[in-house]
Each structure stands twice: as structure tokens, then as C-alpha cells.
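Peer 1: Residue numbers (the numbering used here), protein chains in the order written: chain A, 1 to 345; chain X, 346 to 659; chain G, 660 to 1153; chain S, 1154 to 1491.
None of these hints come from the bench; they were simulated from the model. No residue lacks a Cβ here, since even glycine has one placed at the ideal position from N, Cα and C. One or more hints might be untrue.
Unchecked claim - Dumping the calculated DSBU-like pairs for lysine-lysine here, alpha-carbon to alpha-carbon at most 35 angstroms:
| no. | chain 1 | residue 1 | chain 2 | residue 2 |
| --- | --- | --- | --- | --- |
| 1 | S | Lys1359 | G | Lys834 |
| 2 | S | Lys1273 | A | Lys123 |
| 3 | S | Lys1359 | G | Lys1034 |
| 4 | S | Lys1341 | G | Lys922 |
| 5 | X | Lys635 | S | Lys1359 |
| 6 | A | Lys198 | G | Lys967 |
| 7 | A | Lys198 | G | Lys779 |
| 8 | G | Lys1023 | S | Lys1304 |
| 9 | G | Lys967 | S | Lys1273 |
| 10 | S | Lys1359 | G | Lys1016 |
| 11 | X | Lys590 | X | Lys635 |
| 12 | G | Lys1016 | S | Lys1273 |
| 13 | G | Lys922 | S | Lys1273 |
| 14 | S | Lys1341 | G | Lys914 |
| 15 | G | Lys779 | G | Lys908 |
| 16 | G | Lys726 | A | Lys123 |
| 17 | G | Lys1022 | S | Lys1182 |
| 18 | S | Lys1182 | X | Lys511 |
| 19 | G | Lys1130 | S | Lys1359 |
| 20 | S | Lys1273 | X | Lys610 |
| 21 | A | Lys86 | X | Lys590 |
| 22 | S | Lys1182 | X | Lys381 |
| 23 | S | Lys1311 | G | Lys1022 |
| 24 | G | Lys1022 | S | Lys1359 |
| 25 | S | Lys1311 | A | Lys123 |
| 26 | S | Lys1359 | X | Lys610 |
| 27 | X | Lys373 | S | Lys1304 |
| 28 | S | Lys1311 | X | Lys635 |
| 29 | S | Lys1359 | G | Lys975 |
| 30 | S | Lys1182 | G | Lys1023 |
| 31 | G | Lys1130 | A | Lys123 |
| 32 | G | Lys975 | S | Lys1273 |
| 33 | X | Lys610 | S | Lys1311 |
| 34 | X | Lys373 | S | Lys1273 |
Claimed, not checked - Derived contacts from chain A toward chain G, CB cut-off under 8 angstroms, selection only:
| no. | residue |
| --- | --- |
| 35 | Thr162 |
| 36 | Ala164 |
| 37 | Tyr207 |
| 38 | Ala208 |
| 39 | Ser212 |
| 40 | Gly259 |
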Amino acid sequence: MDTTRTLLKKLSRRNEPYIFLVLLALCLLIEFRSGQFFSSNNLVDIASALIVPGLFAIGTFLVIISGGIDVSFPALASLSMYATTKYLLDINYQGGVWAAILMALVIGALLGAFNGLFIGYFKLPALIVTLGSSSVFKGIMQGALNSKQLTIIPSGMRNWGTSAIFTARNPVSGLTSRMPVAFIAFVIVLLFVFFILKYTMFGRGIYAIGGSEVSAHRAGFNVVRTKVVMYIMVGMIASLAGVIRACMMQQAHPTNMLGMEMNIIAGVVLGGTAITGGRGTLLGCMLGTLLIVIVENSMILLGIPTSYRSVFTGAMIIIGTGISAYQVMHMNKTHSKRTKSKEAA
Amino acid sequence: AGQAEKKTGYEIVVVPKDASNPWFVRMKVGVDEYAKETGLNVYQRGTAQIDATLQAQLVQDLIAQGVDAICVVPVDLESLEPVLGQARDAGIVVIAHEGADLENVDYDIEAFSNAGYGAFIMDNLAEAMGGEGLYTTMVASLTNGSHNEWANAGVAHQKATYPKMKLLEQEPRVESNDNGDVAYNVAKELFKKYPNLKGVMGTSSYDAPGVARAIQELGLVDKAFTSGTGMPLDNAELLESGVVKSLTLWDPALAGKAMISLAVKVLDGEEITEPVDLGVEGYTNMMFRKGSSTVLEGEGWIVINADNVYDFGF
Amino acid sequence: MSESLLETVGIYKSFVGVQALKNVSFSMQPGEIHCLAGENGSGKSTLIKVISGVYTPDAGHIEFQGKQYKKISPIDAINNGIQVIYQDFSVFPNLTVMENLAFNNELAEGRRLVNWKRMKSIAEEALSKINVSIDLDAYVGTLSVAEKQMIAISRALMQDARLIIMDEPTTALTKKEVTNLFEIITQLKAQGIATLFVSHKLNEVFEISERFTILRSGEVVASGATSDLDDRKFSFYMTGREFEKRNFKAENVSKNPIFRAEKAGLSNHFSDISFSLRQGEIIGITGLLDSGRTELALSMFGVRPIDKGTFFVDEKPVSIRSPRDAINYDIGYVPEDRLSEGLFLSQSIADNIVISKIDQLTKKAGVLDKEQRSKEVARWVENLAIATPDANNASQTLSGGNQQRIVLAKWLACNPRILVMNGPTVGVDIGSKHDIHGILHDLAKNGIGIIIFSDDLPEVIENCSRILVMKNGTIVTELSPENTDEKMILSYML
Amino acid sequence: MYRNDRHLWRLVLMIVLWLLFMAITRFSKFYSMINFQTMAAQFPEFGIMSLGVMLCMITGGIDLSVVGTANLTSILMGFLLLRLTDAAGGLPAFAIPLVFLLAILIGGSLGLFNGLLVSKFHIPPILATMGSGELFTGICLAMTNGNAVSKFSRTYAKTINNRLFDLIPVQLIIFIVMAALIWFLISKTVFGTKIYMLGTNENVAKFSGLNIDSLYLKTYMLSGICAALGGMIMLANYNSARADYGTVYTLQCVLIVVLGGVNPSGGRGRISGVVLAIILLRLLETGLNRFPRISSYYISLIWGGVLILVMVMNYFTEHKKVVFQEPTHPTLQKETTE
Ligand SMILES: Nc1ncnc2c1ncn2[C@@H]1O[C@H](COP(=O)(O)OP(=O)(O)OP(=O)(O)O)[C@@H](O)[C@H]1O
Ligand SMILES: Nc1ncnc2c1ncn2[C@@H]1O[C@H](COP(=O)(O)OP(=O)(O)OP(=O)(O)O)[C@@H](O)[C@H]1O
Ligand SMILES: [Mg+2]
Ligand SMILES: [Mg+2]
């Protein structure tokens, strides 16, 4: 009895259940329209399509939880991905992918530190800084490195990008889909960040800062360091995503990640992360992102005419965020009721 | 001699759609070569992103700068038309490429007719598909002028010459947003939803490679096919692995040179009469398009396939 | 003096334009209970923030057990056994009670990893220290003010503190909770833990503190043993003036009520509330924090509209669904928490004063009439003696008392006929408090009906012509100040 | 107040420095009537949009749907102009006033839609407007199937591309009128004071009896109208309308507004700053186009650089104040969501 009540209480606080239902409804709709959704290879396709947005979402989630916002990660990822690939090509590197990943992580850390310095140390609004830094990153990439599409990438990256954990075969259509090894990287990062957030003081510090920066400072959290380190982490995660994308696409394109930021943020917020910071769960964030990814990659399965796609995505975002916004309001109300009645009792 | 010094005075700018697309990077190679050879003040200047408004503003800036000639590859005809009008009013020579329907130009150079090119891509696809089966068309975006022209031409050509082929009418045209990854995912979806889809006619240089990746992964090699535009070295592997039988293109570098040398001719006040010889391979004997006094068409395009992919050196 | 627990020597601290602390030196012995008093803006909070390492002093230094510090970080302070309970409690609204209770401890012990089990036990232990029970999984943002403070206090007790600093700890506490708090403080003393606390309430100062220090505009004006101090002296030190007590007498009260509630109710909060307010009256509604009095106040102002019963203005039934409705019926509301409900902190004092009546300060087509505006501002700055060099300064640069006057001015400017005051002098020093009460009396005399919601019993008794006591969401009795005292009211409240 | 002035002066300084630099390096190519006229005709289209974004940001919101609004409006008006175009390719006299009137109406109602999402449904502005932007663009695509709307009478474009006394571009005049109007609104009227207050603290605004919903509605409506006018200018400059014109303007507007000194969390900012930022960015871009050898990509590097630089300058002059905006009383947490 009591346990069930606390469980319900906990659930009523979450909005994962709600997103999950929306997600389910959407999947069923697609299945119904195409009969393909739940086919083994389609699921694998979705999974591999989730990798890059998923990684971006994790980073964005961290930033939003800490009470900030980051619009620079696509530029950041592009820059470190491009610099890495170009360099490895120039020295005509023949080894495995690890060098690429390592190098990207290092560059990512530097660029992340750049954001972190201005947001954490100078205490400038995150939106301003990341707007600025994304222009700067773009400028460095396209100006200094005068980037162009690299259709040939180091063999190590290429092989890794095409190697599969397993290959799903659709018995009916005979179509096969690869589950990229990169998916493991995604899962590792996900678990890593979950652990950080739930089982380290650094992680709880991010929540704390998002809740009240002043209180965090007084409680003895090192606010500046926490922020800087967090933005470094975010930079590294984004760069990883960038490299993975290059590997999977078999080419390094400098600009075609740009503009992803808004959909990613939308996904994270759809997942019930409060844009004001401090609140939200990684699970919800992933569900929200998955929702966006599925929508983007099922337009044809849904049979939505090309010229109506944007209408659909737009409506999707508005309705989705509308629901979770309403959900949060509702949550707060029920909350205050609960405690008040408790006092009265 | 007198000619020469007159020439060196000219400032001629080539304005591509944007600058990170390998296509125009290649064009820049041609332009710079030309500058070296002739010592003319010729350079290429592209906008940071492919965007109609940005391109228009860049051209406006150039007008204000009072350059002698502008050679432009329009992102979007309609938005550029009035700006080019301003240019000509300012007495600037305007040469376009891939802009056959522009009015405010001195001349427009086409490596070939868009219709012809579309039809030709279709021929390649048909050949690969063995002249039968279900196909659809892919463009960068519905807002892209020439791509849609090619696609339309391709479809028309198919209706006329390949009765056994059929356009997928649920999805007659899909978008790749000039993004290989999108092309790849869209193609995957297409083949999933329409199991008997057999071919995708690509237009942008990102389409065919992206679709090819999907074909490869889905295990449809030799069951499904694609064709389209592409640069040789970039696609060498695809061609050799046989996923894509052939790609088509014309050499942007040459197109760039051709535009400039035509601009120079006009500036020198030479009169332009058929056959026009721009002294650039493939543009040595250009004819006016039927019924047009501005559109000059060169002959032909290049087909690249596994055999000749390395012969071009770019 | 090396045996003294804490000593500040010649501390100076200034903010843009304000010299908040001038050459402040004072010391505390282990286990002593010390009261820091002073008018609003005299520098109490600033001093506390300096001691706890939040602000770095411009000059002077601090000693813990004789160890000198020029510059300390919050962590240094904590490691030296200094624990501060700030006016805002410094809690994390988005985190669970458990985390709020356990964090400081974990941080102080320099833990890198979180062990939820240990956190839970820490949290339980913490709450047990002051024997209160709060749901450990509740998110703190959803708790009542008192609960938040309990968390802040028990959290502070967790670290083996030698000195606990409380900035106006009792402002938001009910009588019961205050007694509870004082018991705790005496316990602490027994364990040799010293307490430094800020208060504006005389009775508390005398009830609990052994020594006192009084600041006036940033300087120490008096310091010594509370025993040789009485409230007249005390208030004189603080304000440099004398006060004579004056109880409010309602005069020329209108015969029919200007406002009346009939069986008003709001589910979960209060029910069956009936009372009436006449012009010229000041009625006080008191009760414990959870008695529903705050909600009743909010309902009268349309923030939480009633769902049962009716309100009447001039005996006409009215539906008040939003503050705008309330304002249209000439109801003004001075909120309980001026910082989150009353003031635009970063905006100018002037804008804060005129904002609610700004629509009347227009020429035509909504064009602001600058003269009228500045006239209005000047008028209120003068009438309420708001201490500011320039009404265009941000209101956050003022201290509590003056901020409260701004909020008051905002509503008086709309010349309301009914004034709902939810804790009119929370955190306001005796000087200002005295003045504000004076203002209220005059307003009443000029025919405004005033309702004071407060649990500051002396305030209620002094300033009200009738006192309604609420308990568990209903009015349990009506008393007249002449023949009641605090004890009696309390007996009804509890 | 004074703090913003600091910021203004920095922008002025930047502009002067850049003008000097151009004078030294490229005088003849930069300092020509035609060049300044060109610039003056170029920035109004996104300048006006930025003004709208500014208003929203003052209330603590943002408007990412300006470009969508602009295109939807210009496409609809494009269609209308097509209808009105007579055989001779001319337009009836009432046509231009009519389209502008309708444009304002359309822009207003699209903005109203945003306002509703923000005020009534409490969707965070950044997402609400991003979604609606996508939606509007989608409607454009659905209507035009991606094709451009053009071939309508040139009279429209000619009228707007005209120069008053052969000197001042009409676009510039539209911009100036709009800027003046908004300046008047936010610095001289009650509405202005109210949105600054709303941006500072919504909850207090509620307790002060401000009609929050209607304030949001009005603000986003204004932003919609600005965007619509921007669209109308684009319609003239490019003599056509299409779903993807000006897509780069979305972020550019936000950049301009924050560079102009508007605080993204609301309650602070001045139109003068934003106007200066608009001019600065245009000068930078045009100026850079005078250097054939310098890749146009450096423009974004410079933009970002300037933005961060200015902000850091502000930090160093203003940081002396307080470590954090100290709340000094219970319940002052962003929890106060009602
Ligand atoms: N962050 C700040 N910025 C500018 N001035 C400040 C700031 N904090 C305090 N002040 C000024 O310093 C002086 C002392 O403020 P402080 O808060 O210490 O007074 P206080 O004694 O705590 O008042 P109260 O009794 O209302 O809490 C006041 O004049 C106040 O205006
Ligand atoms: N409704 C909410 N209100 C405030 N904060 C929340 C809310 N939901 C989640 N959070 C914050 O997000 C953090 C992570 O979410 P979650 O609820 O999973 O944490 P948790 O409750 O500690 O995890 P678990 O449920 O596994 O014990 C929480 O610790 C809490 O700080
Ligand atoms: Mg959890
Ligand atoms: Mg204080």
C-alpha cells in the first residue's frame, strides 16, 4: 500500500511514462502505415541513426541540467572532426581508428574548455557564449582550415565505421542492416554519464548548480570548476559524435552537422528536462531524442509527402514540448497539494 | 600587345553557389589557373553557406565595388535576377553558368542543355536497371532550380524511351538536402517501404554516393541501382566496387575558365558569333540554344565509370 | 585573545556606492550565544557573508582560534567549524530532501562518489537531531518555508560545527518552531557550540542571547552582555531614536463593511471563512504557517481564487480570479515575500513604485507622462522616507526595510480602499517597523480598510482593532486586543 | 542605464575602428556613395527582423520563427501580387498599400500564434518559436512545393528598390520608421516599461497586476509584424519569394540582438545597441568582401570574436559588483512557477 503510493508519487513526478506512451503510439502508427517498423532491420537502422543525435543529446542534457544552453556543439563537433580527419589524411595515417578518436577527444576538450572558460569563469550567459563560439569554430574550420568535403577518410576510420556488431536480416524483404560498432561507444558514454550524474558529487553538483548556483557555491561546490569540467566533457562527447559520424558516413563533411542543435535541444526538452535547469533524467532525455530521431527517419515509412515534412516536424515539436510543458505545470500543482495536505494532517 | 595591357586592367569575379562543395572547389582551381596564365585580376569568391540571399548580397557588394565582370553560378534564379539587373545597369558584364533562364545576363554558358543532361543521367540509370523496374528521383531540395529541371527532364525522357520503367508515384521525388547522410537514410527508408524499388536517379553530387551506401548496406548490390552527378576521385571506390555503374559530370574547372574567357571577349568588345571558341576544352565550338541569343551550349559532358575514373586527375 | 573562537579585526567592505562595513571588529567565545542586531542595511548580512567567505573584505582580517586569514573561501570557513544558515536557507529546490541534507557533509569530507545509502542515513540522523520528520524523497522546492529552514538548520548541525550563524532565522517561523529552535540552540551551547544570530525581534534577543553586538550603518555602536540592556536602550543603540509604544484605536469606522467574506473556501487550504472589514479598521488574521492564512490572503488578491463561498466588496458579490480583478476592486496586496513577489530587484526604485498604477500616468495612447511619474515617485519616496540618493537606483541596492517601503508605496500609489498585508514587516528593523506601523494607522484613519496577516503577535496586538485566529483552515475565534495577550492567542493557534 | 551606455560606446568604438581600418586599406573601394547605399539597402531586411527578436528577448523570450514568418508572408503576398498583375505587367495603385497592410495582418497573426504558445501553453519560447518557425516554413513548402513565387509585376520591386531623392533607399526608410516606432514604444510608452518589468520577473509582474498574457501576445505580435515587413523587403530585393530565402538570418538575428547588449534572460537592453550591432555586422561583412584573398569564412570568425570580446569587456568593467545576484530571503528560487 505505502510502497505503491510512493511508487505512484515517484511516477507522477516523472514524465518519462508520458513520453514513452507518445513514442509507443508513434511506432504503432508507423507500423500500421508501413508494416515495416518492427522489422528487425528497421529497428537496427533506428538504433544506428540514434547514435550521433544520442551523443549530442547527452551533452546538451548536461548543459541544460546545469542551467545553461549550448548551441555550439555542432560547430564544435564539425571542427574537431574535420581537423582530425584532415590531419590524419595529411600524414597519411594507416593505423586504427583509436588515433582519430583520441585526437578528436583532445581537440574537443580544448574547444569545450573555451566555452567553459567564458561561461564558468567569466560568468557570461551560456547562450551568448555558445552563439559566439559556434561562429568562431565555424570560422576556424572554414577559414583557417579552408574546409571542404573530404570524401576519402583514413582507412582506419572507414573500416571502423563499416564494421558491425551484428547484421540484422529482414526475413521477408531480405534487406540487411548493420548495427555499427559505434553503437557500443554510444552505450558506454551513456552509462558513463549516468554513473557520473547519479553516483559522483561532480554529477550531483551539476544538478545542484542548475537548481541554485548561489546555494551550490555556499554548500562548497566549486561552481566554476564544475562548469568548466562539464563543458570540457560536453566538448569531448560532441567531438566523439563528430568522428563517429564521419566514420559512419565514410566522408568528412564540414557543414552538414550544422543546424542540428535545435532539434537536439527540442528532443532533450521533450524528454522532460526543465529548460530552466536542475531537473530531468537521462532516461527521459533519451526517450525524447529517440522520438525526434524516429520522426525524422520515418517520414517515408509514414508516407508523408516530401513537401509536408516540415509541417509535420514543426507540429510534432510544438505538440510534444506543449505536452511536457503542461506536464511540468501539472506536476508542480499536484506537488504543492501533496505537501500542503501533509502539513494540514 | 595593346590587347594584353588592356586586358590586365580587368577585375573579373567568379561567384559560385558556395565554397565548401568540392564541385566549386574544383571550379576555383580552374579560375586560379586562368589568373596565373593570363595575369588578369580574376578570382573566385563564394558565400560561407549555400544561400540565395547571401549570394545576392555578395553580388550587390561586387557591383558597389565596380568590378568589370561578374561570372555567377546562381543558387536561385529568381532572387538573383533583379540583382543582376542592377549589375548590368551599372555597366558590368554578367556571365552565368547553369542559369539558362536568366534574363539579365550578357551570356549564359551551359556545358549542355539541362534537359539533355537529365535525360543522360536517366540513360545511365536505365542501362544499369536493364531498362525496366520501379524508380524515383532525388534532389538536393525541392527549392533547387537545376536539380528539379534535370529530374523532370529525366522523368520525361524515361516516359518517352523506357516504357518498362515506372516512376514510384507515392514518392516521385525525395530530398537529400545536399547531405550524404540524409540521402543514405532516405534511400534506406525507400527500399524498406517499397521492396520492389529498383533505382534512384540522383542529381546533387551527394545523392548517388549516399544512396549507394544504403544499397551496399541493405545488401541490394546488383538488385538496386543509382546514378547521378559526382566527382571522379571522390567516387572512385563506389565505381570500382560496382555499386554505382557510372556517374556523370562536366569539369567545373573548365566551366569556370570558359565563363571568364567569354567575359574577357565581351569586355574587349569582340562580337560573339557562332561557333564561339573560348579556347577551353569542350567549349571550343559553342552554339546558341535554339531560339536564344544568350545561352551558349558546349558539347557534352563526361561519363565516368570504373575504367576511366582515374583519367581526369581530379 | 587566542582562546576566542572567532575574531574579526577592522573589517571594511563596500559595494558600488555603499560602505556596508566600516572597521568592524568583534569576537566570539566558544559556546556563547551572541545576537547581532541593527537596522536594515546596517551591514549584518554583509558581515556574515564576510565571516563565511562569500565576500572578501576590502580591508581587515579574520581569525579562527587565533589563526589569521586575509581571504577565506566558504570551504575554509566550513573546515573551521563555521556554519551559516542564510536568509534564503541556500537549499536546492530541484533536489530531494535527502540530497539537500547530505551534500554539505559529503563535500566537507571531500567525497568524490555518492553513496545513496550513506546519504540516506546522514539525512535521517540530521533530521533526528532537531526531531522533525520530513519526507526524504520530497523535492525541497515543494516544501513550506518552515520545512526548508528546518532542513537548513539540521544540515548545519551535521558538520561538527563550533559556530552556527543564523541570519534572521525566526522571520518565517511560527512561535512553536521558534521555541523549538531556541531549545536546540541551548542544547548546542551545552555541547560548547556557539551561536551567532541576527534578529529584529527584541523579545527573542532578550530571551536567548548572552552577548550582543549592534551595528549602525556599518559600524559597531555597542557590544556587551545582554543582561545590562533593556529594550529602550537596545532600540536607541540601533536607531539613535526613542520610541513610545502606541496602540491602534479604530476611529470613524464605516457602518457597513467595505469587504466581506462569506463561507469562503479553497480546497486543501481553508474552508467556511466568514468575516467582514470596515473602513477605518485594521483587522489582524493570525495563525500558524499551515493554518491556511497565507492562502486566504492570496485568495483575497485573486492569486489562488476561492472555489467555495463568496467575497463581497461594498456588499456586492464579486469574483476575484486574478490580481487584476482585485486591483479593479481597489484591493492592494503587500506580499509575504517581497523578493519573489513584491520587487523587480534589478529595476529602478521609481519603476517599482509606479508599475501598478502606471496606466494612469499616461498622457494619451499609453504614452508615459514623465513629469507625473517623477512627481508620483518623489511623493512616495518622501512620504514613506525611503532612504535612497536617487530613485533611479536598482531596488536591490536597498536594505530590507526600505525595500518593504517600496512595496508599500507601490500599493498606496494605486490608492486602494482595501489593503491586504501579508506579513507587513517581515525582516524589517524596529525603526522602520515603527514607521510603517505609523503609516498604517494614518491610512486607516483616512478610511482605508486594512487586513494584516501575521504571526508576529506583538505586531498584531499593537496594530489591530480586531484579531481573528485561524487554525487548520478555519477561523477559530475573534479577539479584541484590549483583553488579550500573546499567551491567549497562542492557546487558540495551537 | 549607465551600464548599457558602456556597452553602446564599445560598439561605437568598434564601428569607428573598422571604418578607420577600411579607410586606410581600401579607401576608394569602400568609401563610395553607391557602396553605402548598397549596404543601406541590404541590412533592413534582417535588421527589422532583429528588432522583433529584441522585443521578445526583453521579455526574457526569443523568436526563432522570424524567417519562417517572413517567408510565409512574402510567399502569400507574392501570390496576391501575381493575381493583381495586369496584362501590361503593371499593378493597380492600391496594390502596394494593400499588400503591406495584409502583410502586417499576417505577420501579426503568426506572431499571435507564438504568443499563445508562450503565454497560454507555457512552452519555453526558444522551443515554441523554433517549432512554429519549422511549421511556417513547412506551410511555405506545402504551398509552393518548393518553387519560387515570381513573375509578378516588377512595379513592386521597383517601388521598394527605389531611392528617395535618388539618395536614400526605400528599404532604409522602412527600417528607420519601424525602428523609430519601436524605440517610441519601449522607451516612451507604458507598454515598454511593462515588458521590461515582465522580463525582469514574471511572478512579480503577476503580483503587480500586469496582464502578462496580453503583454506576451503583443510582444510576439510585434515581432511577427517586424518579420513580415522583413519578408516584404526580401520580396522586393529578390523580386520573388521562396520557402528557403534568408534561412541564415535566424541565428544572425539572435547574434545581433545579444551583441546589441540585450540580456537573454530579459529585462535589459536598448534599441540603440541593437541598431549599432546591425550596422557593425553589415560594415564588417561588406568590408571583408573588399579583400578578395581573405576567405569569406572569416566573417563568422570575426562575428563570434566581436561578440565574445564585447561581453568580456563588459565583464571586466562590471564584475567589480557582486559575485552572484544574491537572493536574501526564503523562496527566492526559480521554483516559483505557478
Ligand atoms: N549585493 C549588494 N550590492 C550592493 N549593495 C549591497 C549588496 N548587499 C548589500 N548591500 C548594501 O550594503 C548595506 C548592508 O546590507 P546588508 O544586507 O548587510 O544589511 P542587513 O543589515 O543585512 O539588512 P537587513 O536587516 O535588511 O538584512 C546595505 O546598504 C545594502 O544596500
Ligand atoms: N519532478 C522533479 N522535480 C525536481 N527535480 C527532479 C524531478 N525529477 C527529477 N528531478 C531531479 O533529477 C534527478 C535525477 O532524476 P531521478 O528522479 O532519477 O533521481 P533519483 O530520484 O535520485 O533517481 P532514482 O529515482 O533512481 O532514485 C533527481 O535526483 C532530481 O534531482
Ligand atoms: Mg533515476
Ligand atoms: Mg540581512
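Peer 1: Broken hints, numbered, in rising order?
Peer 2: The structure conflicts with hints 4, 5, 6, 8, 14, 15, 17, 18, 20, 23, 25, 26, 30, 31, 34, 35, 36 and 40, although it agrees with all the remaining ones.
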